Amino acid sequence: MAQKYLDRIQGLHRLKIEHNEEKLRRMGGSYDLDDHGWIPLDLEHEVEAVRDKESGLVTGMEAVTGTFANYLDAHPIFMHPDSAFAGCWIGNVSHMNDPWRDSERFWENEAMLPVYNITTRGLYAMNHCAPDLRIGLELGWGGLLRKIERYESLHGEDYREFYEGEKRLVQAIQRFVQRHADAARARAEQAETEELRLHYGKIAEICAYLVDGAPRTLREALQWIVFWQDVDRMYYNGGAGQELDTLLQPYYENDVRSGLITDDDEVTWYFASLFFNDPHYSMIGGQDPLTGKDVTSRLSFLILEGQHLLNIPNNLALRVHENVNEELLSRAVKYLFEDGTGVCYSCGTGLDRGYMRNGRPAAIARMRSKVGCNWTALPGIEYCLQDVTRICLAQPLLLALDDMVAADEENSMENLLRRYERHLAKAVQLIKDGVDWHVKYKWRNKPEVVLNLVCHGPIERGIDMSRGGVDIVNFACDATALATTANSLAAIEQRVVEEKKLTWEQLITVLKNDFEGAEDIRLMLKSVPQYGAGDTRADHYAKYLAELYTHMMRDTPTKEGFIVLPGIFSHGDVYIHGKHLGATPNGRHAGDAISHSADPDPGFLPGGGTAPTAKANAVASVQSGWGNSTPLQIDIDAHLAREMGGIENIKAYIKTHDKMGGTLININVVSKEKILQAHKNPDLYPDLVVRVTGYSAFFKSLSPEYRQQVVDRWLANG
Amino acid sequence: MCQTGILFDIQRFAVHDGPGIRTTVFFKGCNNRCAWCHNPESLIVRPQIEFYPARCIGCGKCFSACPNGAHQLRNGVHVIDREACNGCGACAQTCYATALMKKGYDATVDEVMAQILADKPYYEQSGGGVTLSGGEPMLQPEFAKEILRRCKKEGLHTAVQTAGNVPFSHLSALAPYLDMIMYDIKGFAPSIYQWHIHGDRERIFENLRKLDETFDGTLAVRTPVVGSVNDTEEEIENIARMLGEMKNIRYYQLMPYHALGKAKYDALDETFEESYYTPAPERMTHLENLAAQYVTVFNYTRGYFRAEKDAGSKRQ
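Protein sequences, first through last, are from chains A and B. Residue numbering for the first sequence follows the numbering used here, starting at 5 and increasing by one per position. Residue numbering for the second sequence follows the numbering used here, starting at 443 and increasing by one per position.
Hint data in this document are derived by calculation from the structure and do not stem from the laboratory. A hint or two may mislead.
Lysine to any residue pairs mimicking SDA-like chemistry, simulated, CA-CA at most 20 Å apart [stated by the list, open to error]:
1) B:Lys562 <-> A:Ala537
2) B:Lys706 <-> A:Gly607
3) A:Lys505 <-> B:Gln535
4) B:Lys544 <-> A:Pro533
5) A:Lys547 <-> B:Ala560
6) B:Lys544 <-> B:Thr446
7) A:Lys430 <-> A:Met556
8) B:Lys562 <-> A:Gly665
9) A:Lys530 <-> B:Lys503
10) A:Lys530 <-> B:Gly500
11) A:Lys676 <-> B:Ala705
12) A:Lys504 <-> B:Ala532
13) A:Lys171 <-> A:Arg55
14) B:Lys503 <-> A:Ile525
15) A:Lys547 <-> B:Gln557
16) A:Lys530 <-> B:Gln535
17) B:Lys503 <-> A:Glu503
18) A:Lys338 <-> B:Arg744
19) B:Lys706 <-> A:Gly613
20) A:Lys530 <-> B:Ala532
21) B:Lys562 <-> A:Met664
22) B:Lys544 <-> A:Ala537
23) B:Lys562 <-> A:Asp539
24) A:Lys338 <-> B:Tyr742
25) A:Lys505 <-> B:Ala532
26) B:Lys503 <-> A:Gln498
27) A:Lys338 <-> B:Pro461
28) A:Lys505 <-> B:Cys501
29) A:Lys530 <-> B:Ala496
30) A:Lys504 <-> B:Lys503
31) A:Lys505 <-> B:Lys503
32) A:Lys530 <-> B:Cys501
33) A:Lys663 <-> B:Leu559
34) A:Lys676 <-> B:His700
35) A:Lys505 <-> B:Gly500
36) A:Lys338 <-> B:Gly462
37) B:Lys562 <-> A:Thr540
Predicted, not measured: the structure shown is a model, and the values here were computed from it.
Take the sequences, apply the hints, and build the full model.
Okay, here's the thing in structure tokens:
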């Protein structure tokens with residue numbers, strides 16, 4: 005690596021640490037989210053909200069885009085000597101927290117959601133679909149504006165508000181880009197060194213061109229993406245990117261051919277600068293949709309290298325499949341070992357097979373790109389609302405227990421499960437009804453003004469992507485608390501039904517009292533063979549729950565005919581669902597965290613141990629199988645990373661999980677000693693990055709309870 | 443044919459017990475008594491009870507569960523009368539706090555195979571397989587043989603870790619079912635066997651020589667390097683020289699002693715020998731380089747290596 009590029013990338017790494025210190029100060033000491041790339045700067049002036057005349061809220065196309073435009077005009081300009089690109093985002097568009105119009109809120113549904121402990125409800129949610137950035141790269145902002153004007157001319161008055169809104173946004177983005185060009189030019193003129201004059205001069209030239217023009221070079225294309233990322237983030241934290249290698253390969257090849265790029269180190273710096281700007285979820289590797297051949301190229305390696313050298317929270321995925329490029333996978337695992345975190349591994353075999361079950365051809369399934377925390381989506385043609393709808397599998401169990409014991413019927417496992425299924429069905433229906441309501445009213449309240457620009461259909465049809473602007477509409481819902489519920493059912497079956505060490509009434513009593521004065525009973529319930537050990541009753545119940553939930557969610561569409569694809573993923577709901585959940589029969593205290601995604605609980609093997617293979621087998625056994633992800637979270641000890649054969653063993657582990665139908669693997673590599681020290685004193689390791697769930701973050705940035713979650717996983721490793 | 447044996451653990455995703463991702467089956471019972479052993483629960487054949495007082499919630503159920511009255515209060519302290527305890531595990535079954543844990547259980551070949559086969563796809567992908575360890579797996583030869591036979595039928599790579607203090611017929615009977623033998627030579631000087639290992643030195647050496655002549659799989663030799671016992675140049679050089687005179691030793695591995703077994707000694711009310719220490723990394727490297735004058739050495743971070751013939755003085 006040429007020293008000048010290495011110096012710049014290391015400068016960006018240090019700058020990120022500095023920014024993070026300031027972000028922590030502004031956020032009150034911690035934040036449990038993805039880093040998101042925002043920079044702690046302030047608006048240049050106050051933002052005036054444009055409000056809907058009828059409701060007085062920032063709802064509807066005119067109010068949303070008007071406010072958005074005002075925000076962009078007030079947004080500060082950012083550029084740095086170490087970054088190849090100008091632009092940043094400092095926070096979400098002001099005044100956007102307004103709810104939907106009163107008359108269009110689903111009040112009845114909102115009242116019922118807490119009964120089933122549904123907090124991440126999908127209804128009212130934003131983004132979480134994949135853009136096709138080719139649209140923007142091919143047209144540029146000017147081309148997009150002209151496209152909007154062309155289609156506006158073909159539509160009638162009813163569509164005017166939509167088109168005027170999108171135009172308003174694009175024009176504001178163009179002003180935003182122009183301000184960067186002006187600022188860069190001013191910096192170039194005032195530069196004290198020739199190097200800086202050239203640096204800012206280049207940025208000024210690129211930005212000035214990109215106000216209207218479509219990118220012609222790799223650097224222009226990436227600068228365009230940087231501006232798009234910033235705008236996408238400002239609008240409700242949009243974070244979906246694209247498969248970077250295939251998207252940008254034509255620009256790279258053209259630049260190399262024309263002699264514009266002579267040094268790949270410069271390209272590595274471009275990507276480090278892109279990842280510094282924002283950790284939008286993006287992907288490398290994977291298969292060509294039509295031929296199925298692996299698409300790995302030289303650019304895939306440069307992208308990976310950029311991420312590795314920058315070494316800050318990042319959300320790049322490598323798509324694994326039967327013929328994955330061995331060298332790219334080896335390199336990714338090597339960097340994982342060196343950095344402690346790295347790409348996540350999106351498993352194409354299970355994902356593609358699952359999505360094809362929905363009646364989609366293999367080529368479409370292969371196009372579904374890993375561009376979200378746990379999720380995949382079709383670039384530009386699918387409205388899917390991934391990762392914002394979750395259902396807690398444990399709450400219906402507590403409701404069923406109460407119902408059964410209170411009712412005048414025999415207390416039995418059969419009756420409990422019958423009542424459980426009834427409650428779960430009600431919770432599933434709540435979600436589905438929310439989907440229908442969402443589709444009906446979302447476009448009138450919070451249209452997808454950014455994604456509409458980079459999808460196939462919304463501009464052509466004059467219809468928001470959430471309302472039918474794109475061709476493929478399928479929704480998503482993720483279940484939580486699988487291990488908590490499976491282990492609870494196994495505990496009831498063994499301790500209450502079979503061994504009769506506890507009556508049903510006693511069970512209800514200790515649960516209501518949160519095991520107060522009954523620690524021996526809590527431990528008795530907790531000590532039954534666990535989900536993940538293999539062939540236990542809890543394993544049986546985990547499969548039962550996964551299949552039951554999958555059938556309920558997928559077999560019947562919503563009343564309006566939309567399908568909802570099931571997965572199992574908890575994200576931050578391990579705490580939120582846990583906080584609202586009473587004590588559970590697996591010995592979990594009320595308010596404690598629930599189990600993590602589909603992972604077995606820490607210490608699930610007999611004797612309290614764990615094993616990565618057993619864990620992966622368990623997660624593979626409960627995949628929903630319809631194309632949505634049920635991730636596997638693994639923490640590998642750093643000692644293994646230093647040993648001969650370590651890379652090969654982890655590669656084999658990843659490939660086996662892919663073969664077994666797994667869908668996503670998140671891996672951390674860190675020593676137990678280091679993680680314990682960092683938990684005790686986060687300041688010791690300000691740049692320690694961990695993959696928390698699907699996203700990665702500075703360990704130091706996490707709240708103590710989130711840090712504890714990571715530490716607990718390590719302690720369970722023995 | 444014996445279909446049942448006694449084990450004390452089965453570990454999955456074992457990556458230090460042979461090539462690739464493996465499952466290691468730990469046999470209970472050993473006829474050496476290496477004073478530094480980090481698996482004290484592996485030494486005697488019958489099950490034992492480990493007691494971890496810090497986890498005890500004082501429920502008292504173990505007192506009534508024990509048929510032999512082994513759980514007693516002495517001066518207000520909960521102790522186990524080890525003479526009275528026969529390791530039946532009735533107490534551990536009632537101890538949901540896991541303060542009491544039974545170590546050692548009967549397992550059928552079918553049960554062992556079920557656990558082994560659960561990870562078969564990982565072996566196939568990584569070139570891994572199954573390793574029998576212990577304790578001393580060669581002391582349950584029929585049980586071990588049946589597991590290995592079934593593994594070979596499944597096409598799995600098989601390995602054994604043995605200290606070799608058994609009749610050679612035990613080794614030769616299992617050899618046809620083994621792809622690899624990891625053979626421990628824990629010391630060279632007779633005094634080490636007399637005072638620390640308590641095994642039959644001549645038989646152990648002789649068995650290795652016979653294996654070198656007859657075993658057609660991978661034969662590796664390992665030495666736990668224990669500070670104050672065998673961490674001398676003389677010890678390691680003598681072993682390495684002996685190995686260098688053999689024909690089929692694939693590699694020699696030196697493993698530094700660690701004191702991680704202390705908690706288990708305490709839990710079994712057994713005395714942990716404090717006088718041993720972990721050799722410094724530099725010392726290990728020096729001893730490995732010395733051994734590499736005679737035989738190919740393997741180290742997890744350094745890989746396989748052999749010293750150049752004219753690498754200068756053998757001693758520092």
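- Within 20 Å, alpha carbon to alpha carbon, are A:Lys430 and A:Met556? holds (10 Å)
- B:Lys562 and A:Ala537: Cα distance at most 20 Å? holds (16 Å)
- Task: For the pair we were handed, B:Lys706 and A:Gly613, check the Cα-Cα distance against 20 Å.
- Result: The hint holds at about 15 Å.
- Item | Given pair status - A:Met664, B:Lys562, alpha carbons within 20 Å | holds (11 Å)
- Query: Taking only the CA atoms, is the gap from B:Lys544 to A:Pro533 under or equal to 20 Å?
  - Reply: holds (16 Å)
- Item | Pair hint outcome, B:Lys706 versus A:Gly607 [Cα-Cα no greater than 20 Å] | OK: B:Lys706 and A:Gly607 at ~18 Å, within 20 Å.
- Task: Sort out whether B:Ala532 lies within 20 Å of A:Lys530, counting only the CA atoms.
- Result: Cα-Cα ~19 Å, so holds.
- Given hint A:Asp539 paired with B:Lys562 - CA-CA distance at most 20 Å: holds (16 Å)
- Task: Compare the distance between the alpha carbons of A:Lys530 and B:Cys501 with 20 Å, and conclude whether the hinted pair is satisfied.
- Result: The given pair, whose Cα atoms are some 16 Å apart, holds under the 20 Å limit.
- Would you mind confirming whether the straight-line C-alpha gap from A:Lys504 to B:Ala532 stays at or under 20 Å? Cα-Cα ~18 Å, so holds.
- Query: Is A:Lys505 within 20 Å of B:Gly500, Cα to Cα?
  - Reply: holds (19 Å)
- When you check the alpha-carbon spacing of A:Lys505 and B:Gln535, does it fall within 20 Å? Holds, because 13 Å separates the two Cα atoms, which is no more than 20 Å.
In summary, this structure violates none of the numbered hints.
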